[in-house]
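K.L.:
Those sequence lines, one after another, are chains F and G.
In terms of the numbering used here, the first sequence is residues 2 to 327.
In terms of the numbering used here, the second sequence is residues -13 to 318.
If you're looking for bench data, these hints aren't it; they were derived computationally from the structure.
We put the beta carbon where it would ideally sit given N, CA and C, even for glycine.
The reader is advised that the hints may include incorrect statements.
[Stated by the list, open to error] Straight-line C-alpha distance at most 30 Å; calculated DSS-like pairs for lysine-lysine:
1) F:LYS74 x F:LYS49
2) G:LYS311 x G:LYS43
3) G:LYS311 x G:LYS14
4) G:LYS121 x G:LYS156
5) F:LYS28 x F:LYS6
6) G:LYS156 x F:LYS170
7) G:LYS(-9) x G:LYS14
8) G:LYS219 x G:LYS302
9) G:LYS121 x F:LYS254
10) G:LYS311 x G:LYS35
11) F:LYS170 x G:LYS161
12) G:LYS121 x F:LYS37
[Unchecked claim] Here are some chain F residues the structure puts well away from chain G; computed CB gaps all over 12 Å:
13) ILE26
14) GLN51
15) GLU63
16) PRO64
17) ILE83
18) TYR90
19) GLU147
20) ASN180
21) ASP202
22) LEU231
23) THR299
Next come the chains, spelled out residue by residue.
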Amino acid sequence: MEDNKPWALISEVGGQGYIEEVMDILKQHFHIICHKDFLQNSAVQGPKIQAMLMWNTFPAAEPSLLRLLPSLKVVSNGGVGIDHLDLPYISSLGVKVTNTPDVVSDATADIAMGLLLASARRIVEGHQLAVDPNMTYLSQSLMGVEVTGSTMGIIGMGRIGCKIAQRGKGFDMRILYHNRTRRSVEDERAVGASYREKVDDLLKESDFVMLAVNLTPETTALISHRELSLMKPTATLVNISRGPVVDQDALVKALRSGTIRAAALDVTHPEPLPRDHPLLSLSNVLITPHVGTNTYTTTRKMVQKMVDNALAALNGQSIPNEVKPK
Amino acid sequence: MEEEKTWALVSELGGEFGYLEELSDILKQHFHLVSHRDLLRNPALYGPKIQVLLIWKYFPAAEPSLLRLLPSLKVVASGGVGIDHLDVPFINSLGVKVANTPGVVSNASADLAMGLLLASARKVLEGHQIAVDPKTINLPQSLMGVEVTGSTVGIVGMGEIGYKIAQRSKGFEMKILYHNRTRRCVADERAVGASYCRSLEELLRRSDFVVIAVRLTPATAGLIGHTELSLMKPTATLVNISRGQVVVQDALVEALQSGGIRAAALDVTHPEPLPRDHPLLSLPNVLITPHIGINTYDTARAIVQRMVANAVAAVKGRPVPNEVKLQGRSPC
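Work out the full structure: start from the sequences and follow the hints.
P.N.:
Below you can see the structure in the form of structure tokens.
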């Protein structure tokens, strides 16, 4: 059914692409082409496609694809992280890039706290014991660490970091933070957060180290052997940023040797990890498969924002969430 | 020096039913400890010496068959705040005081309640299982949970633990409803933004997360049954950190199987542990932890220290800080 809607390229529905439940939002405004179909029709469809709606890093914005899209005006990403995009290159083609900040912050902060609590209180281990066919009595030895009144050190105090601080405050946690730039006094007071100019100080003082940075060249391998050795042996590392922010080999070593107590990771590198990776078999590691924004409500908001960004770009209007190269 | 210490009975020294070593060290500073097994082997020798019964996670059970072996008993010092496992009037009738450990359990219990709520809402268990599964090739895009921020939590039982759950929920910008025997003062309500629901039914209808934080009493046994579960939203989650008997388990199984409610997260069941063939163990939308509400080193230590303080006071004839008196008991 032909219509006047602009054409947009997506990876797929289902599989590694969009859930069925959000397709109504996309189809309301765009004529949607799936990547697999596109590759069989690229000569005809290519020139019609003005927007690429990227989900879960697919379809990859590589030269081999972009050269088939002469009319492309915008790469509209679902999610706030854009480390998978070569911003200077895409911009050089005259194509704008957008992301979806803000709408992801609550759900991501929620999973950060969920991972912190699940790790601290050994909830997954507890469940596995509770349902074990061989369990006949309640073990007394499943002991965790106290969350209330403990110290949480947040590395990366952006929108998500601040929301994590707000949630930590509800548990009477002492909040430390490290950021490229210090936040305002009002922001700090609102969540009772203390600035640590030196990340080393934060690492030494924290019971829970929370990574909420963007992935950039500066934050790649931010947490490696040295940083882990500065942490308390009773401390927990929680990563909801990107896998490469942590040196995974160093992390494995620190977890095995008791240099830190435990780790809880929503992100790894790669995703998923190879099936023989040591992180998968350590008893003091909790891993979730990058579910930071995985609620229907948040996913729908992200998709709506992607659509709004893309339409603004196509209509030459002010784009709500354009990401510009430096 | 050993002879001067008061003699106290515990379930086991070390081992799976007993105290962690560092906790039993605290006890040994104040008491000469006898294990239940040793008492039963030689009741005539040990029985008359024992002035204190220390109960941890229900053991040893303060039943008549045990108490009659302890003619010198002055106090039953139970670890934890729940006393539903103790027949307080009966024990008192023997001239024995009963003490629990309120206050020190509240933070850890509230933390676990939030941990269960979040883990259930965001499918942390399922996520971990997929993430480590040898057969996982791609990350699933369809592992979707429900939103916590901005949702409505209904707290049933707004005592000390319930209130702390409200404080934590506020950090997530949750809308907070509560139902309690008595309404809290306005200042308390305002501090956490909680709205009182005179009827439990209203709370059940409106909540996305129903958190049970009551004491187990005759009035609360079976509080959440078929009717109550049917009032809940099909998208709602039940979180129970109180006692297993507060929920009618058969009704819960039915509600979970039929989609009457979305999921349940339980730190407590009845019995504990459940029989290995119980349906709750195999439902995909159930998260169960083995009664670990107070299982942190810091809280366990604080509980043991409180048990010691209560027991020592009783033995010395001083007022017992946390004596359980059933008449005119103040709401927590």
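K.L.:
Could you tell me which of the numbered hints above are not met by this structure, giving the numbers in increasing order?
P.N.:
Checked against the structure, the hints that fail are numbers 4, 8, 19 and 23, while the rest are satisfied.
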